[in-house]
Amino acid sequence: MTPEQAVKEEFRKYLHSKVPNIQNKIQTELPKIFRNTDIYKELLEGILNERFRLGKTAQDQVEQVVSKFSQSVSIQYKNDGFVINIGFDDFQDLLETGKDLQEESYLDKDNSQWLESLLIKGDTFEKQGSTIFRVPPEFAGTIDNNWFFRTISENIKLIEDIIKYEVGGV
Amino acid sequence: MFKGTNSNSIYDFSTTDIINVNLKFWLDWSFLNIGAFQNISINDSGIYGGDLSRLIPIRDKYYTDGQVWKFPKNNLVWESGLTYQTQPVNISGAYVDNSFNTSLTVDYAQSRIIFDSAISTTSTVQANYSYKVIDIKSSHESQFFKELQGGSLRPDLIDYGIGSGEYEYNRLQLPCIIYETVGKKFSKGYQLGLGHVNERDIIFHIFSEDYGLNDRLSDIISEQQDNTIFLFDAQRAANSGVFPLQYNGALNSSAKTYSQLIQLNVNNGYRWRKFDLLNSNSQKTNELGKNIYHTPVRFTTNLVLTNV
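Note that the protein sequences, when read in sequence, are chains A and E. Each step along the first sequence adds one to the number in my numbering, with nothing skipped, and position 52 is 52. Each step along the second sequence adds one to the number in my numbering, with nothing skipped, and position 29 is 29.
Bound-form chain E, shown alone (with noise of 0.2 Å):
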């Protein structure tokens, strides 16, 4: 039989896997607790014009066409509870033509509406809405960092949208931090007997348009050198329910945000380990090509695995 935490089965989160999750999760809320956020209301326009709350009707084949309809902006925001003084709004519905339709589905996931049933695409669809105003996402979730890290990305072809009016389907959403283990993990003891500490290097990739905004980012993710931050068990947490999203990227009813998730059982928490980030070594800011720059910020992190 295997040892380890997670190998009740082969489909379970690993612990590479509930890593993951976890920094997602503790970005996210971080950054949200900090007002990275945009609240946006009907007929709000961005700096280059447009309307910002006006969705545009997009083709899925598995809906008829005038039932999906796309948000101009990624990262939806879900969290509520916010200790930040202003709170994201909560998709309630949208205005078709002026008026307000409550039956269809928010899908979080991929930042769209689906109406239950096709409405007209020439209808004027709005809402009011949060996105999180930085992209946070694996390295293998990113599309864009898998061409950059495979060579096959041009610096000069580089598409990402910026400014309103502009949708950013498929593309690439400034400014963003990408995460990523890096392969090498090593393995110490940890109190005679008692497991070990399971050693890693993580690097969050800071992506903007902006190298003022890349220092500040970049001091942001260096400053947490040093920090101890709960995990909570992506397993046990999928098992029950409480998960955010579900299949449809609709918002679960039981849904539970980071600082949730990593209260202790007796509090209807789902409490796992600690970890911590050690080392942090900010790098050189680089002009990737088209205004945009990349700044690494390297950490060494620690995971005490006892009882495997």
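Chain A with its partners taken away, still in its complex shape (with noise of 0.2 Å):
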């Protein structure tokens, strides 16, 4: 081994091992930013909450949802890079996570699926009942661009700033 190739080694090294300590931080900062954002503020006392009929259950749900994809975020140190995967492939694991918390609130049946279709429904006008409901076109969102990815990628500038923090650059 070359030193070139030894020093480039050592610094892989390095940061491989502070790829836990990113991670940590990234799914402790998460929350925090997705609190911040229009959709959270409305799920919890604005026209989502009266859409979906969350009522004062919301926080908690809402909460869950947002802790499980948090979590659901992980780092991976490739190719001389630093990669974000998100967990949820489909949400199909999330969108379960949304029907359980629904069901343990006792709240309006017909609404079970509202993470649905906030995540993945888009701009389609559902049946609800006798009426006709859609989630309102500057909240909607579909499989590859919902709150969770268009959060992410707004706040994008975050996660470098934690990873550069952590890598001890800045």
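Please keep in mind that the hints were generated in silico from the structure rather than gathered at the bench. Keep in mind that this is a model prediction, so the values were computed, not measured. Even glycine gets a Cβ: it sits at the ideal position worked out from N, Cα and C. There are no misleading hints in this set.
Simulated pairs of lysine-lysine, DSSO-like, Cα-Cα distance not exceeding 30 Å:
(1) E:LYS274 <-> E:LYS24
(2) A:LYS127 <-> E:LYS137
(3) E:LYS284 <-> A:LYS127
Sample of chain E residues facing chain A (criterion: CB under 7 Å; computed from the structure):
(4) LEU148
(5) VAL182
(6) ILE203
(7) LYS284
(8) PRO296
(9) ARG298
Since each chain comes alone in its own frame, lean on the hints to assemble the complex.
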């Protein structure tokens, strides 16, 4: 091994060793980021709360979903770079969480799929009993462009800053 | 003082107004040029019978009974000079009990004829005309969409006109495309100090009574990804009196089509700015009830506003 390769190897080991801290920090910071989004606020006491008929149980439900999502985010050091992985490929696990929470809260069964409506139904109208409903377009999401992905991509700079801080660069 | 492109008067067209007007003109013109219109000749019947050339008398408090007659279809074509192989019919008059009458005004906005003087309401009134097969409206103009959005529309009670002989006054005419500007808009810098890019999402909602037709229309719309269209300055066009329809719905003698309006100033056009259609996302088709299918197609759009 040449001295140059040896330094490179040491550096790689160093960055690898930082992964748990970076991941931990990001998982801790993400819920705070989500709490600052319009959707979070609307779910707690705005139009989304009203449309999904979440009522006063909203905070518990939304916090659990946000926490589960945040915990699913993992970091890898691969090919000389950090990679952010989101643990839910098709959101099925997360959507199941939403349904379980709804059942626990004994809310309107018509709306047991509020998370699904928010995250993957996009701009479609859905029949709900005798009326038609849709998620307001400014909040609607599809499987590859929804509240979670948008929040991550809008805050990528903050995630970069965490990584830089942890590796000791800035 | 305010900055911005359209702030000479609060009554002027805003940027959103201009986008809304242009989308209607662009979609109407583009669909007409691929043959999305139907020419109706005297005594033409529809699939379910009836006479598509026959008008019915309607009441209007501003006119005497017998003056106002409604076409069986909405969205009369006023445009001419299409690149399509057939051309729409120019409405030059109407037959009243088989006698041709030109003492009338065609109200294109409300798809009706207003005779200069009342005729008997038992007369048979017929006309050659063309109508746009696809009804295109902004979400603000569509009563149906407002009710749908407000959650007050019952899917089992949606009323829409199908077949011939059905008079679609105040009813939903299918297929239709309702475009909606999403409330949230973002601005970001454009070439240091030279203006900004106005980014907003626009959703095209396709409604029809045929699943396959929804697929076809959503393909056409979503394939506009990465298309850049020109917008015309609706305010300047309105001030110059070249908007197609007058206050009473009659065709303006100086009316210009979309393709004429977007020409450069030197070619007597009213070209304003470029408008980019990006990130098309055609979503799942849902049945809303009573055979009405809905497919949303969402775009991110960019409008570069310079010198503001």
